[in-house]
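Required output: the full structure, derived from the provided sequences and hints.
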Amino acid sequence: MKTVALVGTFDSKGTEYQYIKQLLEKLDLNVFTIHTGVFEPLFVPDIDVSVVAEQIGEEIMKIRERNDRAYATAVLSKGLEILLPKLYAENLFDGVLSFGGTGGTSLVAPGMRKLPIGVPKLIVSTVASGDTSVYVGTSDIIMMPSIVDVSGLNKISKRIFGNAASAMAGLLNYRFETEEDDHPLIATTMFGVTTPAVNFARNYLEKRGYEVLVFHATGVGGRTMESLVADGYFKGVLDLTTTEWADQLVGGILNAGEKRLEAAAVAKVPQVVSLGALDMVNFGPFDTVPERFKKRIFYKHNPTVTLMRTTIEENKALGKIIAEKLNLAQIETILTIPKAGFSGIDVVDGPFYCPEADQVLIRSIKEHLSNDKVQVIELDNTINDQAFAEFSAQQLINLINKEGI
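Taking my numbering, the leading residue of the sequence shown gets 132, the next gets one more, and so forth.
If you're looking for bench data, these hints aren't it; they were derived computationally from the structure.
As the structure is a computational prediction, the values presented were derived from the model and not from experiment.
C-beta atoms are modelled at their ideal positions from N, C-alpha and C, and glycine is treated no differently.
Just to be clear, a hint being listed does not mean it is correct.
Stated by the list, open to error - Label pairs and their calculated CB-CB ranges:
1) V507 / I384: 27 to 33 angstroms
2) T442 / G188: 49 to 55 angstroms
3) L284 / N334: 50 to 56 angstroms
To be verified - 30 angstroms max Cα-Cα, derived BS3-like pairs, lysine-lysine:
4) K533 / K338
5) K245 / K338
6) K390 / K217
7) K289 / K133
8) K533 / K456
If you want it as structure tokens, here you go:
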């Protein structure tokens with residue numbers, strides 16, 4: 132019989148959680164309860180909130196005396212972030228379920244994010260219909276709108292609670308088990324304007340016994356890849372599309388944060404990097420482009436995506452950033468440069484064709500690159516040429532073989 136960890140505030144929402152616990156048990160699930168509320172729970176949990184607080188050296192009585200909700204949420208969230216993976220490692224539960232508003236969701240989500248990908252994680256929340264990226268992050272948390280507040284039992288809340296319990300039962304009891312294989316995993320990054328390159332490289336790698344996971348370079352894609360690389364999922368990284376750094380620098384909507392392009396270097400994972408789509412910054416519909424950019428060169432990729440050409444000055448700054456990230460490499464690393472164009476529209480007669488800007492980026496990288504473990508290889512191709520893509524893929528295979536992986 133599978134076990135679900137039911138995590139939440141059993142003081143302020145004890146009645147609701149007791150009802151949910153009964154629903155789960157009716158669905159033939161064991162329920163492992165973890166109390167995260169500050170005060171005494173309505174029913175006795177398997178793990179009391181005092182244990183959560185102890186994970187970071189705090190005492191629940193002192194937290195109660197302080198009477199500061201924001202402080203309590205921050206402390207207990209950090210404690211659960213440590214405790215939940217420990218409990219999972221001890222095989223005390225198979226999936227985790229929680230209910231709450233902004234506070235409860237903020238408290239539980241960080242701990243869920245620390246669980247391995249594939250472990251069922253479901254939060255029923257009042258914020259599930261908005262921007263959930265702050266809660267989900269790079270994990271596979273499922274969020275279900277609560278419709279009404281998680282406060283009281285009524286016709287609507289009972290239906291939602293029942294759906295959530297049934298969903299968790301389904302996730303645990305009717306899981307699709309994929310066939311395991313021993314093909315080494317490769318991570319690669321793709322954008323619409325670098326899709327041909329990635330497809331060529333993926334086919335090349337797969338024919339040689341590798342399994343390739345493609346991450347769409349839309350901000351969350353880059354962050355997710357970096358997180359999984361850091362967690363040791365991949366034997367190599369083919370980072371063809373580093374465009375998220377253009378958004379990070381200039382202020383586009385698809386940035387992946389300041390840590391982008393660091394994980395493989397820090398984790399000593401073989402990687403081949405390129406400059407895919409660094410000729411562009413991404414915005415939504417044209418009328419959402421900030422006024423300060425209105426005189427720039429644009430390309431309407433589709434009705435909801437507007438691309439802006441990076442300038443010579445921006446490319447100079449981007450070159451410095453890329454070089455600084457490559458300088459972190461602790462093992463042999465390769466940068467392949469497609470001198471004839473960085474994207475499908477940065478080509479002769481293309482709307483973003485600007486060899487002067489591209490050359491500034493290349494020169495800036497060389498000027499700031501100081502790590503002798505990084506080899507720079509320039510080719511007279513566009514990034515989407517099959518020869519360039521396959522050459523880059525083969526360089527990654529060579530690096531993996533050199534590292535004895």
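Comparing the hints with the structure gives:
1. Remark: the range hint 27 to 33 angstroms for V507 to I384 is upheld by a beta-carbon distance near 30 angstroms.
2. For T442 and G188, the Cβ-Cβ distance of about 50 angstroms falls inside the hinted range of 49 to 55 angstroms, so the restraint holds.
3. Against the hinted window of 50 to 56 angstroms, the Cβ-Cβ separation of L284 and N334 comes to about 55 angstroms, which satisfies the hint.
4. In summary, the hint linking K533 to K338 is supported, as the alpha carbons are separated by about 20 angstroms, within the 30 angstroms threshold.
5. Between the alpha carbons of K245 and K338 the distance comes to roughly 34 angstroms, so the proposed pair goes past 30 angstroms and is violated.
6. Taken as a hint, the K390 and K217 pair is honoured in the structure, with Cα atoms around 27 angstroms apart against an allowance of 30 angstroms.
7. For the hint linking K289 to K133, the alpha-carbon distance of about 23 angstroms falls within 30 angstroms, and the restraint holds.
8. Distance hint between K533 and K456 is fulfilled; the C-alpha atoms sit about 22 angstroms from each other, no more than 30 angstroms.
Violation of the numbered hints given earlier is confined to hint 5; every other hint is satisfied by the structure.
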